[in-house]
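Protein chains in written order, with the working numbering: chain A, 1 to 585; chain B, 1001 to 1315; chain C, 2001 to 2358.
Keep in mind that the hints are not guaranteed to be accurate.
Below, a sample of chain C positions facing chain B; criterion: calculated Cβ distance under 10 Å [said to hold, decoys possible]:
{"no.": "1", "residue": "L2159"}
{"no.": "2", "residue": "G2161"}
{"no.": "3", "residue": "I2226"}
Each computed BS3-like pair below joins lysine-lysine, with the alpha-carbon atoms no more than 25 Å apart [stated by the list, open to error]:
{"no.": "4", "chain 1": "A", "residue 1": "K215", "chain 2": "A", "residue 2": "K251"}
{"no.": "5", "chain 1": "A", "residue 1": "K172", "chain 2": "C", "residue 2": "K2216"}
{"no.": "6", "chain 1": "A", "residue 1": "K172", "chain 2": "A", "residue 2": "K283"}
{"no.": "7", "chain 1": "C", "residue 1": "K2160", "chain 2": "A", "residue 2": "K148"}
{"no.": "8", "chain 1": "C", "residue 1": "K2263", "chain 2": "A", "residue 2": "K441"}
{"no.": "9", "chain 1": "A", "residue 1": "K215", "chain 2": "C", "residue 2": "K2216"}
{"no.": "10", "chain 1": "A", "residue 1": "K358", "chain 2": "A", "residue 2": "K240"}
{"no.": "11", "chain 1": "A", "residue 1": "K339", "chain 2": "A", "residue 2": "K423"}
{"no.": "12", "chain 1": "A", "residue 1": "K417", "chain 2": "A", "residue 2": "K283"}
{"no.": "13", "chain 1": "B", "residue 1": "K1203", "chain 2": "A", "residue 2": "K251"}
Since the hints were derived computationally from the structure, they do not count as laboratory data. C-beta: ideal position from N, C-alpha, C; glycine also.
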Amino acid sequence: MQRKMFYYLGITVLLISMILSACAQPAAPTQAPAPVATEAPTVPPPPPPTEAPAPVATEAPTEPPAAPAWEGKYNLSAPDCSYGGEFKAIEAVDQYTVKFTLCNPDPAFLQKVAFPAFGIQSAAYLEKTGGGGDLLSAPIGSGPFMVKEWVRGDHLTLAPNPNYWGEQPKNKEFIMRWNAEAAARLLEIQAGTADAIDNPGPDDLANIQADPNLKLLARPGNNVFYLGMNDTIPPFDNEKVRQAVAMAIDKQRIVDNYYPAGSVVADQFVPSFMVPGYVDGYKWYDYDPAAAKALLAEAGFPDGFEVTLSYRDVVRVYLPYPGKVAQELQSQLAQVGIKVKIVVKESGEMLQSVAAGKEPLFMMGWGADYPDPTNFYDFHFTGASKNFGEPFPDLMEAIRAAAYNADPAQRTLLYGKVAELVKQHVPMVPVAHGTNFIVYKATVENPEASPLADEMFNLMSVPGQDQFIWIQNGEPISLYCSDETDGETFRACYHIFDHLYWYKPGTTDLQPAAAESYTVNKELTEWTFTLRQNNKFSDGTAMDANDVVQTFVVQWDASHPLHVGNTGVFEYFAGYFAAFLNAPK
Amino acid sequence: MNTCNNEQQMESENEIANIGPTQAPSNLWMDALHHLLEKRSAVVGLILLGTLAIVALLAPVLATHDPIEILRDAKRNTPPCIHFLGCPETQSQHYFGIDGNSRDFFSRVLYGARLSLLIGIVTITGSIILGTMLGAISGYAGGWSDNLIMRIMDVLLAFPYLLLAIAVVAVLGPGLRNALLAIAIVEIPAFARIARSSVLSIKEMDFVTADRALGVSPARILFRRILPNAMTPLIVAGTLGIGTVILSVAALSFLGLGAQPPTPEWGIMLAEERNNIFNAPHLLFIPGIAITITVLGFNLFGDGLRDALDPRLNR
Amino acid sequence: MLSFLVRRLILLIPVLLGILIITFALARLIPGDPCTIALGEHATQEACHLYLERMGLNDPLPTQFLRYLTSLAHGDLGNSIRTNQTISSIVLLRLPMTLELAFCAMLFATVVGIPLGIIAALRRNSSADVLTMMGANVGVSMPVFFLGLLLAYLFAIVLKGTPFWLPPSARLTAGLSTVPLVQTFHLENLQGLPLALVTFLSNMVTFNALVSGNWKVEVDAWRHLILPAITVGTIPLAIIARMTRSSLLDVLGLDYIRTARAKGLKERLVVFRHAFRNALLPIITIVGLQLGGLLGGAILTETIFGLPGMGTIMVQSIYARDYPVLQAAVVLIALIFVIVNLIVDISYGYLDPRIRLQ
């Protein structure tokens, strides 16, 4: 009988493999277009100056053949700024100097280029892979680690990069694994099969703190959870109604009950360490259901009204308990007469619907990409997003003024005005800044918690162990982070690649990385970076200004043959720098 | 063992001789009931179901709180506190503790019983009706309609059960009603097949031929002669199917596609609390055991019913 | 017999077509699109418009379906929208895991279920019988995900520190991995079908470790399979046990058994040589049918235990709207299902002479 089963299984296996092989692709994915360049893209190192041949007397001293002049081959300038983007020109001034010329002042430019989506690629490798294909799974970078093995679905193993300019990693192997269940991650670290895990469930924190073998570190919340309202859908087109809702939410109760310790009530849209941007001493509306009811009556709804509240049941750092908070909100709004029907939407549907501006009342949030308020305000309130319906002209104006200002003191004042306008118009009610946590084994040396979730694992090790095992929520999608958007993917990338500047571990302060220094003009429109010399990629080739320029240019120029990537969206470039050059209409 | 066998065999032979479509139905059911009650496991099943039914009926009376109401001063994830068993009087009494949304868990579980019964019975009834119609038409009419219907059933059966349900719910949108619809659709092929094979076997019997010769309309033949006799396997399959349906709805809710908050459904309770296995295991064990006991009751009862109604089985 | 076979094979075609159409339609009907999911809160309509254009997802549905059918006819399963891998590579990577799980679960279900059923049948109405059948009933009644959670809790938390501890998730302990068979046996020159076959076998961790002589990995792989196999296999186990019991009881009541006993044959010979072999037929049918059902049960189990099989990729592709992967996965699983059922039907006819001669 068991023989029969082997028989069935054997036949099945055979049939499947026959079918599959009929459809089998050749080993290398054929996605990448045929490489275009005919010339070798890397500049060959200048040949050593030729010695004068030994018996030289008679010949006129010939000049040693001039080293082939180094040229910035990839420089690109936009004809003008009318295309709507932030870049005017990206140029390699000389072999180790890169200059970015912007169309408008950008005080946050340094933070933007210190983002994992802008890791420096080897121009030669970009050429070789055609901007896609192997670039996504077998990257070549100049960071502390390189890819040793990626077994999709199971684990990603990184090994030290021998050519790294900085200190060699303290562990011999960094193994990334993933599991979507918080309880399963906790189980693994308690069992000893992991050295660090991401995002333990908020209710387990007490247990973890009581466990002497584990260490709990908090990442201060650099996110915001808000209750959004769309001002084109009645009754939220009435400003009084929105203000009434703002008074009807007991944020403290929500944070006390449904957020882990360390999370704070959000009195404004940006979290407290966004400086400039965060307004000290700012006060939102008090929680006052009676006043809310009165305001509603004034607005013409003495008996309240009915409305749907939509959310997606996905755990995010800014919202660990979506279902519970939704029910809490329902209960709170009921107290002022607003009868809420909770609608759980499937994640994709919810995102689409909100982006199309179709939801009257919805739960959503935002996590900081870089530590500047432009990351928060600009996306949401200047018309790029339709979440809240029509933008408010005075708010847009104020945000733009604050974004383009070079003077930190001025910016602080301007963001004060922005916060006031947000309070007046109430496009949304900010509720909480959620803290999340990272758990380490107590024996780990140098454990770190970064506000931007940019922990550097090359600095950590466990005594007596060569490997370091890390478990996060999900698998990286590809390793070409210029065309990716999620933190799980970025975590792999920032270990493999260098950025012009990078964060000091555990902080939001920047320090030199691939670039040794930079200068910027007074108007914040010209940024010039001096690169580190003798910086090598993991395949041994040297990094110079051409690599940096090409990294940015292939993203910037939508008509570039290497503008390929994984999905071709290059979301973060578009998000940070407003537009692509030669974008198709 | 030999002598027992002999007696039972003679008994069952008598049954076979006596049981036939011409026998008045009431005797069949009385006999079935008699045999059902003899079998211990079926009695256990009956008791479980009875308890469930009583709990479901009396839920509003037995519950100590409103199942949906968020208790303002209760602390989330509190373990059960029963004064009789030693919990100090200062703490408010909650038999099953407090769930993750500050609601009384005992009341939620009680109302969950109601919902589960409703889910099971409504879905299966729908499936049986639709499936029987399709199967009967297919079996009686034969020919190309038979082929067509059976191919469609084959396609439906070819999908992994849960996957089809997930896909249908994803299209229709999450929600209890849509989940029930999805599962009802997925259950239809089983009943269609049973109905069809019953119809096929009874179709050739003398009394049906007689009716046809007399010119009775096909619809009347179907309803008055064939279906009542096909009832038995359908009922047995239905009873066993209720258990499957309850499990499937729980699975869909577990994946977030079935019942939505704040509905007190057992599957969604498991889903909401699944990451609290370390710090509040009571929130997981109680609904899980509740589902198991309910499905067990239906299975035991269904098994007993099948044994009792099947004349060919050695007893 | 031959005509039966041919007829069933021909009927396979419309069924497959139906599966294709339904899968395609359902996948496209699910609201949301891959771009919005990928971008999350950052999604804006402009950002996604270009992306969808590029993927051809803005074309009318019939056009997309025809395009899909044509590429299928050329043997091209397409690429994943999310990760850009070829789907055949995804399948070669993940299907072995699911098959390993299904195989282990089936092994567990038969090796434990059949003897249990036999014992229950032989000791009818004794406490062993009642307990076994009660246990089987409970097994069938428990939700799969609840059982998985319970087992994980029991073996990974409660039994921590004891030799009975079992790992709660993943395929292998971190740091252990297998070497592709192509490398171990220096088969770099293979192409096409043999290469695919070897890759497929190589991705079955237990098989790979076995032929590579890597005992540490082999033991680790089996340890990680125990809990998921029990979880998936409990329901088939219960069904098989009950079926064995009732089938054996049926046969034991027949005349020829009485004759054998009357002849004075030892009870063991009576049961195993005469009764059991004839009771086998329905049992085999059930085993074959359960195999198909296991693939569905694998979905939940793989998610709970974090195993990288077809189940997880199916659930992931539903959530990410990765249509090509979803379509390929569903069609593949359905195909396996249909083929297994066909094999069971055929072998049923082969094994039971009474049916064959009809």
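The hints, checked one at a time:
1. For L2159(C), the interface hint is violated, the least distance from its beta-carbon to any beta-carbon of chain B being 15 Å, above 10 Å.
2. Because the beta carbon of G2161(C) sits about 16 Å from the nearest beta carbon in chain B, more than 10 Å, this interface hint is broken.
3. Taking 10 Å as the C-beta cut-off, the interface hint given for I2226(C) is violated, the closest approach to chain B being about 19 Å.
4. In summary, the hint linking K215(A) to K251(A) is not supported, as the alpha carbons are separated by about 29 Å, beyond the 25 Å threshold.
5. Distance check on the hinted pair: K172(A) and K2216(C) sit about 21 Å apart at the alpha-carbon level, within 25 Å; holds.
6. For the hint linking K172(A) to K283(A), the alpha-carbon distance of about 50 Å lies beyond 25 Å, and the restraint is violated.
7. Proximity of K2160(C) to K148(A) is assessed by CA-CA distance (about 32 Å); at most 25 Å being required, the pair is judged violated.
8. Annotation: proposed proximity of K2263(C) to K441(A) is violated, straight-line Cα distance about 71 Å (limit 25 Å).
9. A distance of roughly 31 Å separates the Cα atoms of K215(A) and K2216(C); the hinted pair therefore is violated under the 25 Å criterion.
10. Annotation: proposed proximity of K358(A) to K240(A) holds, straight-line Cα distance about 21 Å (limit 25 Å).
11. A C-alpha spacing of about 24 Å is found between K339(A) and K423(A), which places the hinted pair at or below 25 Å, so the restraint holds.
12. The suggested pairing of K417(A) with K283(A) holds, with an alpha-carbon distance near 13 Å, which does not exceed 25 Å.
13. For the hint pairing K1203(B) with K251(A), the CA-to-CA distance comes to about 70 Å; that exceeds 25 Å, so the pair is violated.
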